[in-house]
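Protein chains: 2
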Amino acid sequence: MKAYIGVDLGGTNVRVAKVDENGTILQMVKEATEIEQGVEHVVAKIISMIERIDRYADCEGIGMGVPGPVDTVQGKMVLATNLPGFEGYPIAQKIGDHFHLPTFVDNDVNVAGMGEAILGAGKDEEIVYYVTISTGIGGALVVDKKVVAGKNGHAGEIANIIIDRNREKVNYLNIGAVENEASGTALTRKGRRLFGEDMIAHAGDVFALARQGNSEALALCDELAYDIAVMFSIIAHVVDPAVFVIGGGVMKGKDVFFEKMERDFRSMIHKGMQTVKFKEAQLEEPGIIGAAMLPKAYLK
Amino acid sequence: MKAYIGVDLGGTNVRVAKVDENGTILQMVKEATEIEQGVEHVVAKIISMIERIDRYADCEGIGMGVPGPVDTVQGKMVLATNLPGFEGYPIAQKIGDHFHLPTFVDNDVNVAGMGEAILGAGKDEEIVYYVTISTGIGGALVVDKKVVAGKNGHAGEIANIIIDRNREKVNYLNIGAVENEASGTALTRKGRRLFGEDMIAHAGDVFALARQGNSEALALCDELAYDIAVMFSIIAHVVDPAVFVIGGGVMKGKDVFFEKMERDFRSMIHKGMQTVKFKEAQLEEPGIIGAAMLPKAYLK
Numbered sequence: 001m002k003a004y005i006g007v008d009l010g011g012t013n014v015r016v017a018k019v020d021e022n023g024t025i026l027q028m029v030k031e032a033t034e035i036e037q038g039v040e041h042v043v044a045k046i047i048s049m050i051e052r053i054d055r056y057a058d059c060e061g062i063g064m065g066v067p068g069p070v071d072t073v074q075g076k077m078v079l080a081t082n083l084p085g086f087e088g089y090p091i092a093q094k095i096g097d098h099f100h101l102p103t104f105v106d107n108d109v110n111v112a113g114m115g116e117a118i119l120g121a122g123k124d125e126e127i128v129y130y131v132t133i134s135t136g137i138g139g140a141l142v143v144d145k146k147v148v149a150g151k152n153g154h155a156g157e158i159a160n161i162i163i164d165r166n167r168e169k170v171n172y173l174n175i176g177a178v179e180n181e182a183s184g185t186a187l188t189r190k191g192r193r194l195f196g197e198d199m200i201a202h203a204g205d206v207f208a209l210a211r212q213g214n215s216e217a218l219a220l221c222d223e224l225a226y227d228i229a230v231m232f233s234i235i236a237h238v239v240d241p242a243v244f245v246i247g248g249g250v251m252k253g254k255d256v257f258f259e260k261m262e263r264d265f266r267s268m269i270h271k272g273m274q275t276v277k278f279k280e281a282q283l284e285e286p287g288i289i290g291a292a293m294l295p296k297a298y299l300k
Numbered sequence: 001m002k003a004y005i006g007v008d009l010g011g012t013n014v015r016v017a018k019v020d021e022n023g024t025i026l027q028m029v030k031e032a033t034e035i036e037q038g039v040e041h042v043v044a045k046i047i048s049m050i051e052r053i054d055r056y057a058d059c060e061g062i063g064m065g066v067p068g069p070v071d072t073v074q075g076k077m078v079l080a081t082n083l084p085g086f087e088g089y090p091i092a093q094k095i096g097d098h099f100h101l102p103t104f105v106d107n108d109v110n111v112a113g114m115g116e117a118i119l120g121a122g123k124d125e126e127i128v129y130y131v132t133i134s135t136g137i138g139g140a141l142v143v144d145k146k147v148v149a150g151k152n153g154h155a156g157e158i159a160n161i162i163i164d165r166n167r168e169k170v171n172y173l174n175i176g177a178v179e180n181e182a183s184g185t186a187l188t189r190k191g192r193r194l195f196g197e198d199m200i201a202h203a204g205d206v207f208a209l210a211r212q213g214n215s216e217a218l219a220l221c222d223e224l225a226y227d228i229a230v231m232f233s234i235i236a237h238v239v240d241p242a243v244f245v246i247g248g249g250v251m252k253g254k255d256v257f258f259e260k261m262e263r264d265f266r267s268m269i270h271k272g273m274q275t276v277k278f279k280e281a282q283l284e285e286p287g288i289i290g291a292a293m294l295p296k297a298y299l300k
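So the sequence lines, in the order shown, correspond to chains A and B. 1 is the number of the first residue of the first sequence in the UniProt record's numbering; add one for each residue after it. 1 is the number of the first residue of the second sequence in the UniProt record's numbering; add one for each residue after it.
Hints may contain errors.
Restricting the straight-line Cα-Cα distance to at most 30 Å, the calculated cross-link-like pairs of lysine-lysine (BS3-like) are [as the list claims (entries may be wrong)]:
1) A:Lys146 - B:Lys271
2) B:Lys76 - A:Lys271
3) A:Lys169 - B:Lys271
4) A:Lys45 - A:Lys76
5) A:Lys146 - A:Lys169
6) B:Lys271 - B:Lys300
7) B:Lys30 - B:Lys252
8) B:Lys145 - A:Lys277
9) A:Lys300 - B:Lys30
10) B:Lys169 - B:Lys30
11) B:Lys169 - B:Lys254
12) B:Lys123 - A:Lys300
13) A:Lys145 - B:Lys76
14) A:Lys271 - B:Lys169
15) A:Lys76 - A:Lys145
16) A:Lys146 - B:Lys123
17) A:Lys76 - B:Lys30
18) A:Lys146 - A:Lys277
19) B:Lys146 - A:Lys279
20) A:Lys277 - A:Lys300
21) A:Lys260 - B:Lys271
22) B:Lys190 - A:Lys145
23) B:Lys254 - B:Lys277
Just so you know, the hints here were simulated from the structure itself, not pulled from any lab data. Treat the numbers as computed from the prediction; the structure is a model and nothing was measured.
The task is simple: from the sequences and hints, build the whole structure.
Right, dumping it as structure tokens:
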């Protein structure tokens, strides 16, 4: 059976795995990224990690997921906030030349979305939209099992979509950007304002209060549901996907907000679009499995 | 040179043309649709119009643009508000079987977008987003010269995108839907409220007042610019196109609102997305030329 090398390069950790064409992880190694020691240090680390994989040279190709927008044609990061020095660095070429293997790079959310579209919750559909709602919010459009990355690798940068222009300015994102209103970070911020920092360490504490019937927490979760529904309705009207695959930690609160979210969403879309489904992400390691699927998708 | 039959089937008129592969219209015929006489009457009319085209049987295929979402695989309209009776009718099969020619159907906005992507303002780009701002607002995503029509043919139904949830309810669309806030119809409605029905026959009258320096008209046009900018920023974050191609009658007022629109838009998108261009639609007859390009695109 064919196998591929997947690399999940994050700001904190690097993981390298050998993955077969069915998405089974055969072997995985993990290390701290140590980006503070420089780009060449990280590249040497990735190379040595790949060399620790059994029979790495027999793999068909290498796929890498990285945090931030990517020029997938050039195999370079366009913006590398969490990996200083990697902006514009020819990472695909460096790794590919070393191993004489075809090497592909894409944004970590795109890679996870492609993994879900090929092997996970979207595997039976031609047009899949993957959304992760976690600390931040990201998305990926996958048409016929290939990511639509956009001209500058910014397709799916849905964090910055305005879901309500009448909000407060939070950071560099747009006023009312969905990430500032409906991410885990946003729910934590809003929860702390209501209940204090001692009560709310993370979004899960707001969900817990809602489950206990706290009316203010329930109102926050209803607002979260509505804001997320607006985001999904916007995406639906642009691409009309067969399925939204949803990942990310905020789904741990799905019992509190998801039913209302879906009801709100369905009230915002046309009758002919109601066949769209919501499915939870299924892959245990979408980042690493999805990365390994890059060569599978592009070498066909 | 290869040639194709294009059919532009509207609620008022039907146009049939022979178009060569460079997009030149070689011959065109036009008639009233007469939908009130029934579907079979309209189909017979289209067939007889095609038969009036010189050497129609030598064409490679037939492409049709229709008003409303289309199941492009089945070749049927999903919703046919302006063509009652055509919902679910196997129009592609009926026409194709009669002429023994491959026949394709798509939404009229998708067809125009594909025409612009193949032959018009988007011809040098891989990822094109076409928007028409007229009586209504519609869009089409064209990736590698093919339309992404969505699961139910509703991709690009951007009229219903919420650009500001704090507006009034106008019709069946969402509160704050861009078509109710920034289309020609919307500008006419808002202009009439300010200046009276006698002063404002259509959106052009608001633009004319703005050109004369009327401060209320200028404020309306500034609001229009901002609302359209929000819509474009939303689409940009979902698909990151290389170019937005814009058509439709509201562009007759571009001297009044477009510069501000683009400035507002560029303040709402990431630095890495700023290469996106705006171009005006170039084809004189995008509906009919785009329809004729359907067989060209799908028969490859």
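Okay, the hints, checked on the actual structure:
A C-alpha spacing of about 25 Å is found between Lys146 (chain A) and Lys271 (chain B), which places the hinted pair at or below 30 Å, so the restraint holds. With a C-alpha separation of about 17 Å, the suggested pair Lys76 (chain B) and Lys271 (chain A) falls inside the 30 Å cut-off, and the hint holds. The straight-line distance between the Cα atoms of Lys169 (chain A) and Lys271 (chain B) is roughly 18 Å, inside the 30 Å bound, and the hint therefore holds. For the hint linking Lys45 (chain A) to Lys76 (chain A), the alpha-carbon distance of about 18 Å falls within 30 Å, and the restraint holds.
Restraint check for Lys146 (chain A) and Lys169 (chain A): not satisfied, since their Cα atoms lie roughly 35 Å apart, outside the 30 Å limit. This hinted pair does not check out: Lys271 (chain B) and Lys300 (chain B) have alpha carbons roughly 37 Å apart, beyond 30 Å. This hinted pair checks out: Lys30 (chain B) and Lys252 (chain B) have alpha carbons roughly 25 Å apart, not beyond 30 Å. Restraint check: the Cα-Cα separation between Lys145 (chain B) and Lys277 (chain A) comes to about 28 Å, which is no more than 30 Å; the hinted pair holds.
Under the criterion of a C-alpha separation no larger than 30 Å, the hint pairing Lys300 (chain A) with Lys30 (chain B) is inconsistent with the structure, at around 46 Å. For the hint linking Lys169 (chain B) to Lys30 (chain B), the alpha-carbon distance of about 38 Å lies beyond 30 Å, and the restraint is violated. A hinted pair counts as satisfied when its Cα atoms are at most 30 Å apart, and Lys169 (chain B) with Lys254 (chain B) qualifies at roughly 27 Å. Taken as a hint, the Lys123 (chain B) and Lys300 (chain A) pair is honoured in the structure, with Cα atoms around 27 Å apart against an allowance of 30 Å.
In summary, the hint linking Lys145 (chain A) to Lys76 (chain B) is supported, as the alpha carbons are separated by about 25 Å, within the 30 Å threshold. A distance of roughly 18 Å separates the Cα atoms of Lys271 (chain A) and Lys169 (chain B); the hinted pair therefore holds under the 30 Å criterion. For the hint linking Lys76 (chain A) to Lys145 (chain A), the alpha-carbon distance of about 22 Å falls within 30 Å, and the restraint holds. Note on Lys146 (chain A) and Lys123 (chain B): the hinted pairing holds, with a Cα-Cα distance of about 22 Å set against a maximum of 30 Å.
Under the criterion of a C-alpha separation no larger than 30 Å, the hint pairing Lys76 (chain A) with Lys30 (chain B) is inconsistent with the structure, at around 52 Å. A C-alpha spacing of about 20 Å is found between Lys146 (chain A) and Lys277 (chain A), which places the hinted pair at or below 30 Å, so the restraint holds. For the hint pairing Lys146 (chain B) with Lys279 (chain A), the CA-to-CA distance comes to about 27 Å; that is within 30 Å, so the pair holds. Distance restraint check for Lys277 (chain A) and Lys300 (chain A): the Cα-Cα separation of roughly 29 Å lies within the 30 Å cut-off, and the hinted pair is therefore satisfied.
A C-alpha spacing of about 35 Å is found between Lys260 (chain A) and Lys271 (chain B), which places the hinted pair above 30 Å, so the restraint is violated. Simply put, Lys190 (chain B) and Lys145 (chain A) have alpha-carbon atoms about 44 Å apart, too far for the 30 Å limit, and the pair is violated. A distance of roughly 15 Å separates the Cα atoms of Lys254 (chain B) and Lys277 (chain B); the hinted pair therefore holds under the 30 Å criterion.
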